[in-house]
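Number of protein chains: 2
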Amino acid sequence: MLSKNKIKLIKSLSDKKTREKENLFVVEGNKAIYDLLTSGLKARTLVVTPKFLVSLSDENYSADEVIEASDEEIRKCSLLKNPQQAIALFPLISSVVSPAQMKGKLSLALDTIQDPGNLGTIIRLADWFGIENVICSEETVDVFNPKVIQATMGAIARVKVRYTNLPQFLAECSELDIPVYGTFLNGDIIYKKELSEEGIIVMGNEGNGISEAVADQITDRLFIPSFPPDQPTSESLNVAVATSIICSEFRRQHFIS
Amino acid sequence: MLSKNKIKLIKSLSDKKTREKENLFVVEGNKAIYDLLTSGLKARTLVVTPKFLVSLSDENYSADEVIEASDEEIRKCSLLKNPQQAIALFPLISSVVSPAQMKGKLSLALDTIQDPGNLGTIIRLADWFGIENVICSEETVDVFNPKVIQATMGAIARVKVRYTNLPQFLAECSELDIPVYGTFLNGDIIYKKELSEEGIIVMGNEGNGISEAVADQITDRLFIPSFPPDQPTSESLNVAVATSIICSEFRRQHFIS
Chain A
17 MLSKNKIKLI
27 KSLSDKKTRE
37 KENLFVVEGN
47 KAIYDLLTSG
57 LKARTLVVTP
67 KFLVSLSDEN
77 YSADEVIEAS
87 DEEIRKCSLL
97 KNPQQAIALF
107 PLISSVVSPA
117 QMKGKLSLAL
127 DTIQDPGNLG
137 TIIRLADWFG
147 IENVICSEET
157 VDVFNPKVIQ
167 ATMGAIARVK
177 VRYTNLPQFL
187 AECSELDIPV
197 YGTFLNGDII
207 YKKELSEEGI
217 IVMGNEGNGI
227 SEAVADQITD
237 RLFIPSFPPD
247 QPTSESLNVA
257 VATSIICSEF
267 RRQHFIS
Chain B
17 MLSKNKIKLI
27 KSLSDKKTRE
37 KENLFVVEGN
47 KAIYDLLTSG
57 LKARTLVVTP
67 KFLVSLSDEN
77 YSADEVIEAS
87 DEEIRKCSLL
97 KNPQQAIALF
107 PLISSVVSPA
117 QMKGKLSLAL
127 DTIQDPGNLG
137 TIIRLADWFG
147 IENVICSEET
157 VDVFNPKVIQ
167 ATMGAIARVK
177 VRYTNLPQFL
187 AECSELDIPV
197 YGTFLNGDII
207 YKKELSEEGI
217 IVMGNEGNGI
227 SEAVADQITD
237 RLFIPSFPPD
247 QPTSESLNVA
257 VATSIICSEF
267 RRQHFIS
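Residue numbers (our numbering), protein chains in the order written: chain A, 17 to 273; chain B, 17 to 273.
Hints listed in this document are in silico derivations from the structure and should not be mistaken for laboratory results.
The structure displayed is predicted, hence computed values, not measured ones.
Fair warning: there could be bad hints in the mix.
It does not matter which identical chain is used: a pair holds within one copy or between any two.
Said to hold, decoys possible - Heads up, simulated DMTMM-like pairs for lysine to aspartate or glutamate below, C-alpha to C-alpha not over 20 angstroms straight-line: (1) Lys97 to Asp131; (2) Lys33 to Glu154; (3) Lys208 to Asp246; (4) Lys163 to Glu251; (5) Lys163 to Asp131; (6) Lys176 to Glu251; (7) Lys209 to Glu265; (8) Lys97 to Glu222.
Using the sequences provided together with the hints, build the complete structure.
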């Protein structure tokens, strides 16, 4: 039985300040919850239909509290149009990632991404392309926003997200000789440029691109060409789309089948 | 002065049936409206701030009706969180595209894409990659849904979108020897496969992928590999993200700088 207070708590977690105060975030969706539980995270609260509970075996989850609820009760606290059979509350995950940990691998850095769907989609594709770390400027939308969590489709269980002073973090990476890539209209065409297996790919804000302070830290400028090159087209690509094209090209150049 | 009836009309166009009855769709955003007007489309109604009107010269737009409005009035009929300085109503665009017109070029086909943001983002990236035609199954979300139009960011002015019986359309393309590509888990790795300059790239529904009737028409199966290949990762990529990676790879293989 789901209490009124619990419903109120769940709904209140769409607000960032409340998430920080309660040290909790909401995950909806059977697959996303399953991914988080099986990655070893302990849920504070699991609100589940009897049917979903049966699908979880004792070995693969740990939770402080399991509340059985009807579909109707789940609908009451869901933020989704089509609620699924489970809602979970997890303690906020804090990821500490240092510039030294960027050595020898590919990472993403986000300079003030504002749309929750874009951030979630980027975390999901980072997971697909084996990118373990996403470094966000402090102005980037909160990763624990329910819309972000939803769009990650469970990838939040595998990708580390850290918020930090981005220009400073990138400067420290440069000092360690880690290349810092960014896309600019005057950049080198990605298809023709030799891309390294180590590096940080910086993606800019939806409207304004990469900020000046971050641009100063870019060591390699890239460009995704439109086709055909001389024809009028859209001014830009959606940021998640651009991120995916760049990540795919980095992986393609070193692909061993 | 914006009448109450006009505000009511604009708001009612978020409903598909009303759009069809009135033969109108809504475009918001200075850039998107500018793109449609300068592509030669005549607006039925332009609701603009005096400032935006000054930015349009007489030569580059045509409208049956121009209504000057305050920011406050525009906010009243806007569907956006941050309304811009113009809202326009255009007659619905009907695109008739035949299988024969698919010869010699790259096109996209969408099998029941449901999310308006995904459809809009796909139209925007089609524009970027010089894809003129997007063929949609009849079950795909309506392109004139305001959220779709918004996400195209003006690309709707340059990309033709046709709704049709998709399996039948693709069968007719196959008869014309046009390759029909689709992504499947058992497909050939896109980075290793020779991709043609002519063809139709089919993308499937967000949850269910490509339907059986459409799958029967696919001549070439593709796969975007995750990295590293043997590590647990997300089950899939967002459909707009997957579309962009595939389109980029088709263009890269024939790229001449």
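Going down the list of hints, with the structure as the test:
1. Taking CA atoms no more than 20 angstroms apart as the test, lysine 97 paired with aspartate 131 passes in both settings, with 19 angstroms inside one copy and 12 angstroms between copies.
2. In this assembly of identical chains, lysine 33 and glutamate 154 lie within 20 angstroms of each other by CA distance solely inside one copy; the values are 15 angstroms within and 44 angstroms between copies.
3. Taking identical chains as interchangeable, the C-alpha atoms of lysine 208 and aspartate 246 lie at most 20 angstroms apart only when both belong to the same chain, with a minimum of 18 angstroms there against 28 angstroms between chains.
4. For the identical chains of this complex, lysine 163 and glutamate 251 are inter-copy neighbours only, at 19 angstroms across copies versus 26 angstroms inside a copy, given an alpha-carbon limit of 20 angstroms.
5. Taking CA atoms no more than 20 angstroms apart as the test, lysine 163 paired with aspartate 131 passes in both settings, with 9 angstroms inside one copy and 14 angstroms between copies.
6. Taking the shortest alpha-carbon separations for lysine 176 and glutamate 251, only the inter-copy value of 18 angstroms comes in at or below 20 angstroms, while the best intra-copy value is 31 angstroms.
7. Within a single copy, lysine 209 and glutamate 265 get their C-alpha atoms as close as 10 angstroms, and across copies as close as 15 angstroms, so both meet the 20 angstroms cut-off.
8. For the identical chains of this complex, lysine 97 and glutamate 222 are inter-copy neighbours only, at 15 angstroms across copies versus 26 angstroms inside a copy, given an alpha-carbon limit of 20 angstroms.
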